[in-house]
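2 protein chains.
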Amino acid sequence: MPSSPRRPALIHPPPEDFTVLAILHALSDPTRMTVVQTLRASPECACGTFPVEVAPSTLTHHFRVLREAGIIRQREDGNRRWTTLRGEDLEARFPGLLDAIVGAYEGTRPVALRRRRWGGGR
Amino acid sequence: MPSSPRRPALIHPPPEDFTVLAILHALSDPTRMTVVQTLRASPECACGTFPVEVAPSTLTHHFRVLREAGIIRQREDGNRRWTTLRGEDLEARFPGLLDAIVGAYEGTRPVALRRRRWGGGR
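As given, the protein sequences belong to chains A and B, one line each in that order.
End of the first sequence sits at 122 in the numbering used here; the numbers just go up one at a time, nothing left out.
End of the second sequence sits at 1122 in the numbering used here; the numbers just go up one at a time, nothing left out.
Take the hints with a grain of salt, since some may be wrong.
What the hints assert, rightly or not - Ranges between beta-carbon positions, derived for each pair: (1) E88/A with T1049/B: 34 to 44 Å; (2) D1017/B with T34/A: 14 to 24 Å; (3) S1057/B with G87/A: 32 to 42 Å; (4) G87/A with P1095/B: 21 to 31 Å; (5) D17/A with D1017/B: 28 to 38 Å.
It is worth saying that the hints were derived from the structure and are not from the lab.
Beta carbons are placed, not taken as given, at the ideal position from N, Cα and C, and that holds for glycine.
Let the hints inform the model, and build the full structure from the sequences given.
Pasting the structure below:
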């Protein structure tokens, strides 16, 4: 099946165009952070399979922010869009940055969830 | 001189309320990143002394974002407002995070400046 002419080509910046500020902005949103966490656990995901609760158009926006920051790569395959993390490109450009950020986020996330569910404690 | 009743009290969240997402958002702006870089070099700065080119009201907004994320602390002293980095609080809450982010930013910043000034090269 030929690709639809209505879909614009996906733009993926080269690693030398990645900026720390764009990466921080991209990761400062809980939905986008969930996308990144999902991709760190699964090498390639189809677009409808991310564990996020947002409208498809909103998710499309989040993917664009992540793509333009250099964090994810997407490819079309018929009617499906597949997403991967650009882990090697990010690591080459900013060694350790993604691990530091996602590690800090995951290190505190369980505590926050626990508090919200059971109303406090230690 | 008594403090002015027109100025609301400055709110500084306790470290347990810091979130990675708010910190990433706060640091995703070049003016706010410059404030943080300045404070890493100087322990305490008066508000008019930061090397940023924005209107005072805009800078006030940037300070608020940084304050509410837990990144800076501000105190009033007569007509002056003094700003410090909450480096120890940040380090205790998210060890290594601020260093990783600012380090990545500073590691690439000189290259970007060089390109802009001399139009390319290696």
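How the hints compare with the structure:
no.: 1; hint: E88/A with T1049/B: 34 to 44 Å; result: holds, 42 Å
no.: 2; hint: D1017/B with T34/A: 14 to 24 Å; result: holds, 21 Å
no.: 3; hint: S1057/B with G87/A: 32 to 42 Å; result: holds, 41 Å
no.: 4; hint: G87/A with P1095/B: 21 to 31 Å; result: holds, 22 Å
no.: 5; hint: D17/A with D1017/B: 28 to 38 Å; result: holds, 35 Å
Taken one by one, the earlier hints all hold for this structure without exception.
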